[in-house]
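Counting in my numbering, the sequence shown runs from 1 upward without gaps.
One thing to keep in mind: the hints can contain errors.
Computed cross-link-like contacts, DSS-like style, restricted to lysine-lysine with a CA-CA straight-line distance of at most 30 Å [to be verified]: (1) K86 with K71; (2) K86 with K36; (3) K36 with K77; (4) K71 with K36.
Quick list of simulated restraints, FRET-style, between CB atoms [said to hold, decoys possible]: (5) S12 with K86: 24 to 30 Å; (6) K86 with K36: 31 to 37 Å; (7) R42 with S14: 19 to 25 Å; (8) K86 with G49: 31 to 37 Å; (9) A21 with D79: 18 to 24 Å; (10) I45 with P3: 27 to 33 Å; (11) D31 with E52: 16 to 22 Å.
Everything labelled a hint here was simulated from the structure, so no lab data went into it.
Just so you know, even glycine gets a beta-carbon here, dropped at the ideal spot from N, CA and C.
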Amino acid sequence: GLPGGTTTARISASVPKDAAARQAVLVEVTDPHGAKPAWGRRVLILENGRGEVSYPVAFNAQPGQWTVTAKELFSGKQDRDSWRVK
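Throw the hints in and build the complete structure from the sequences for me.
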């Protein structure tokens with residue numbers, strides 16, 4: 001992610017055919033020092049197993065590895081990905 005730009009997390013879940021059309025996912029951002037800023041915590045509603053959330057990358061964002069974690073609230077399953085601020 002470049003300062004002044006945007007980072008988008010595209011989230012998908014495998015959904016059984018008889019499952020509800022929507023799932024709630026808790027999305028949290030962790031900065032390079034392990035802190036979880038309040039602006040990075042959102043509940044995302046997946047429609048048919050898919051959704052996305054975008055975060056602005058501040059000009060004063062800490063350089064280093066940032067992580068986004070998505071946790072499905074019903075099953076507790078989670079996954080994570082990361083991006084690097086230069």
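Status of each hint after checking the structure:
1. K86 with K71: holds (27 Å)
2. K86 with K36: holds (19 Å)
3. K36 with K77: Holds, because 19 Å separates the two Cα atoms, which is no more than 30 Å.
4. K71 with K36: holds (15 Å)
5. S12 with K86: 24 to 30 Å: holds (28 Å)
6. K86 with K36: 31 to 37 Å: violated (22 Å)
7. R42 with S14: 19 to 25 Å: Because 21 Å falls inside the window, the suggested range holds.
8. K86 with G49: 31 to 37 Å: holds (33 Å)
9. A21 with D79: 18 to 24 Å: holds (21 Å)
10. I45 with P3: 27 to 33 Å: holds (30 Å)
11. D31 with E52: 16 to 22 Å: The hinted range 16 to 22 Å holds for D31 and E52, with Cβ atoms some 21 Å apart.
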